[in-house]
Amino acid sequence: MPVFLAHDGSLNGDWIAHYALHLAAGSVDRRLTVLHVEDANISGEPLHQRLERVSGLGERIGVTVETEILPMHGGVFGGLDDYLPKGPETLLVSGARVSGGRRGLLSGTISERLLRFGHYNVLAIHVLQPGLLGDPRRVLLTLSDPGSALRAMPFLLPLAPAIEHLDILHLAMVSRFRFSNLSAADAARLYHAAQSVAESAANEIAASIPLSTDRIDSHVRVSDDWAKQTAVEAGRYRAGLTMAEMPSLKSTGLSFGHPIEQLMRIAPSDVAVYREAEA
Amino acid sequence: MPLDVTPDNEPATELGQIQNLATDEVFDTLGTGPDGLSAAEAASRAETLGRNSIEVTDNLWWLRSLGRQFTNFFTILLDISAAICFFAEYIQPGEGMALLGWALLGVSILNALFSFFQEFRAERAMEELRKYLPHRVSIRRDGRETEVDAEELVPGDVIQVREGDRIPADARIVECHDLSVSNAPLTGESNPITLTHDASRKPLTEAENLLFAGCTVLRGSGRAVVFATGFRSQFGRIAMLSQGIRRKPSPLERATGQMVRVLTVIAVAMGLTFFAYGVVTDKSLWVNLVFMMGIIVANVPEGLLPTFTLSLAMGSLRMAKRNVLVKSLNAVETLGSVHVICTDKTGTLTLNRLEVVRVTAPMSPDQAADKMETGILDAAIGASDLTQTEIGFSGDPLDVAIATRIKTIGGTPTDMLATQVRHFAFDAAARQAGSILAKGNQHRLVVKGAWEALRPHVAACATGAPEGAAPADAKALAACDDTVSDLARQGFRVIAVAARPLETVPDAKAALPDIEDGLTLLGFICLEDPLRPEVPDAVAKCQSAGIRTVMITGDHPQTAEAIARRAGMIAADAEPGTTVVTGDELKKMREEDVADRFEQGAAVFARTTPEQKMKIVSALHRRDLVIAMTGDGVNDAPALKSADVGVAMGKDGTDVAREAAQVILLDDNFASIVAGIEEGRTIFANIRKFTNYVLVSNGPEIIPYLLYMLFPVPLALTVIQILSIDLGTDIVPSMALGQEKPDAQVMKEKPRSRRQGLLTWSVIAHSYGFLGLIEAAFSISLFFWVLFDGGWTWGAPLDAKDPLYHSATGIALSSILLMQIGNLFGRRSRYGSGLDLDAFKNRLIVFGVLFEIVFSWAILYAPWVGTILGTGPVATEVYMVAWLGVPLIFGLDYIRKRVAWRLAGRP
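The listed protein sequences correspond, in order, to chains A and B.
Letter by letter, the first sequence follows residues 0 to 278 in numbering that gives the first Met the number 0.
Letter by letter, the second sequence follows residues 0 to 906 in numbering that gives the first Met the number 0.
Honestly, the hints are just simulated from the structure, not real lab data.
It cannot be assumed that every hint is accurate.
[Said to hold, decoys possible] Quick list of in silico lysine-lysine cross-link-like pairs, DSS-like style, CA-CA up to 30 angstroms:
#1 Lys227(A) / Lys326(B)
#2 Lys227(A) / Lys130(B)
#3 Lys227(A) / Lys587(B)
#4 Lys227(A) / Lys586(B)
Source: prediction; values computed, not measured.
The whole structure should be built from the sequences, with the hints applied where relevant.
Have a look at this one:
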């Protein structure tokens, strides 16, 4: 699967590039195409140095890096979308805002549009630990439903060589009121139901990616706060990267308070939001 | 060698992490340089990445907690009842409904406050964690050395650290001089770690070229580039977990929740059903409202939740006398439902006092001859770092133990120490320490440490003959290996001691590895941290109570297993090694595998890392087990919070661990946990007793309302009178039951299941269907007796202010109080009568009984009480008949117990 990186020319772009290089190194053709849409933020020598650096890193690890400077076509999104081949065979790596402030980290960004439109597989990454250099070693994958394991495959497969341990987390969600009044029997029922989903996902993943079963663990929690619980589990299992699927949001974008945004703000790990290309 | 180049200079397949990079690549990767960031760049990064802080300001957490208490079902029902009262006052003023409404609101607030008090605990763990971080830090900005607030650090900043500094953020060393740190807050190990600026191939948390936030510089200086700040640092993760992990509801909280739900369903169902009946039968709105409100109040045991809290509080006081300090009231009962105790070894199971128990020759595990022992001990003390103080020696416990042994056999440790000309401090990685000793013109190198560390440098082995030594050939070394294995299997910590003469004094910069070849192995010192004498009995008690004990330790597997066997945690016939899981094995196991291994009998987890404690807790939770976990270090805080009961050490633990835990062992003793469990089980049994006791009085409170709706009769018990029982006379006897002494069988029964509730079918049947009905029948009989005797006829209206009505309700209420005395004694024992001398040793029982007697009289004959409760006097003989209720309830309940005893198949 061809791997593309949308690099905005910033230091954050460099940090995202590390992930893109790992994904490219895990792909069959070991090729990365770095895309930069020309804008006023950076150009000329500084941009050239940044992109050269990515090429140099690629050369070190045997990944062929090509660079394309794209014209704006109605904006950065248009520039990228025009160029990229549509379909599930394309994997695009992009970044979230480094800092959200009141805008959020993903809300209103090019990456969010790319995720929402689903023209190709998109992985938007928020780097919180630049020291990992895109090499998380331990990854926490959150499951939203029984089918989400399969949908994560296009992203897990190329990342697999960089994964030492994969933790799969499935949360059985209940409302806050119900959580406070949950009986032990009900909690156990929810837990066991969710556990069978998590274990089945773990088996599916183990069958599809080159990771032995002793390096894949599935976990279940009953919770009323998805973002906080996921962040706690990321800390508990010392995940270098937490992966979460972008929900289907056609007309409205992510709000500031959306669980995905919350997770990106509070997680103690890098966070990657992914979405498979729509059929 | 950087990770990106293999030994054959083939390109690597991965870029690696920050610790894998060569020094010059670090600056480039983090977008900085040797002169540090510019102020503008730092500000931009601070804005984007946030401050270097682990603090989360949440000033309103207490308000949210308080608000949550008002969502309790009982509280909601009382609020609804109060609202009904105010509405009733509106449609028919002057009946006192507003006053009643305010009374119910008051009860609702009281219940909420008690629950809030139970939940409230000042979250002090974060305050303790913050003490590990510095306020100010030296950095380079714009090419100049400056000092800034530690919170202003961002990735890319170049920091300067010196001896004594606390490290402000995770950073990659780019330059260092004799730098060593203590990473105890993260690893639990206080041994110094020597750092370097070279690239490392180790995982991030083990790399020797990284500084970690919260840790301390012990020696030297260095410069480093920050790569993780705030919650993203390793220390920040611990803080985040300590804050973010919500302890699961305790078994008691769940049981209470279940009880509240069931009673709410009963109350609402009854209320709505008979309200609908009232509407269908054309009763007035006023009557229907009074009924509904009365049914709700009758069903809700208003005083029960405050009694829980008071009972738990008194239980925690009793536990404190047994050296168990309980910080969260729910932990009092949770301890009693524990299935597994995960305990540390050193200091909890053992005395944390190293003792030399044997000194052996190299090739024999037997005690060496005196002269040989003296030689070995002298060399060992020569390789130590000790200070003589007024009260003894101060230094590493191992060195202190050796000095103590020397004194015991008549030697003087300071003699050898005085000959030290150079000391090589203990190196945790190399696991050895050494010194150069000088006696006149002669110099000697002495080394002590792990046998595996010294073995490659041993050229000869002492034989015991005067000045005799055999060459360290393969056979000799194999014999030494066997000796060490044999000693380790016996549970000893084994230290090898070696020495060699030095022809010349080595260069001052020479390190120990440079000069230690050609050593003569003198022998082995065997040390032991003795088991606490009370531990085997405590473990046996746990086993008979169906509680598993599991040891989690960083120590050697064989030593840990030997201690576990001596403690009785491993059966005598268990094959060696089969019940032990090492940290390396744990790394490769999924949580499910760990749970399986536990079920197969694993009793010891050895050579574990602190983070593996969390894995063990999570694995055991998969089996729905209630877990008590001990801990004392900063890095134990998340595990202590994850467990159902976190147990911290009061004497040797850190403040962070103590704040994260719910229970503190004041004497650090494992046996105290067991004492706490016994108390906890007793408390739950007592809670069941007084819950049963209180629910019995619901019967005579509810039935009058049902009769009132179904028949043309006056209401036998008013709401104020119900409240006088639930919030008045029932409280002291309930608390008395809460203070009952432990049953002899309490530690011989299996732990109760998480799902075992307070409100079981047998309790409901007994309270509502048996004793409750009897109390109702008797009290209502007396009610009607007084009414008929006073000239009332069936169906005739009777004003609420009528003295006859007051007398009738008065005797109904008085008889309930008297019958509750019989109920009180009956609840003391499941199958026994409950009437024994011990009952009268419980002062609260005596006080409760006296109070009920006095109040039963005052209701009828004290005018001021009558005015408040709307009651009045009755003829003396009627009051005397009411007293028959005591033996009636007690006797019928005792007959039931005997039948139940027989049905249970007991002789």
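Each hint, compared with the structure:
Distance hint between lysine 227(A) and lysine 326(B) is fulfilled; the C-alpha atoms sit about 25 angstroms from each other, no more than 30 angstroms. Restraint check: the Cα-Cα separation between lysine 227(A) and lysine 130(B) comes to about 25 angstroms, which is no more than 30 angstroms; the hinted pair holds. For the given pair, lysine 227(A) sits about 28 angstroms from lysine 587(B) by alpha-carbon distance, which is consistent with the 30 angstroms threshold. For the hint pairing lysine 227(A) with lysine 586(B), the CA-to-CA distance comes to about 26 angstroms; that is within 30 angstroms, so the pair holds.
Violated hints are absent here; each numbered hint is respected by the structure.
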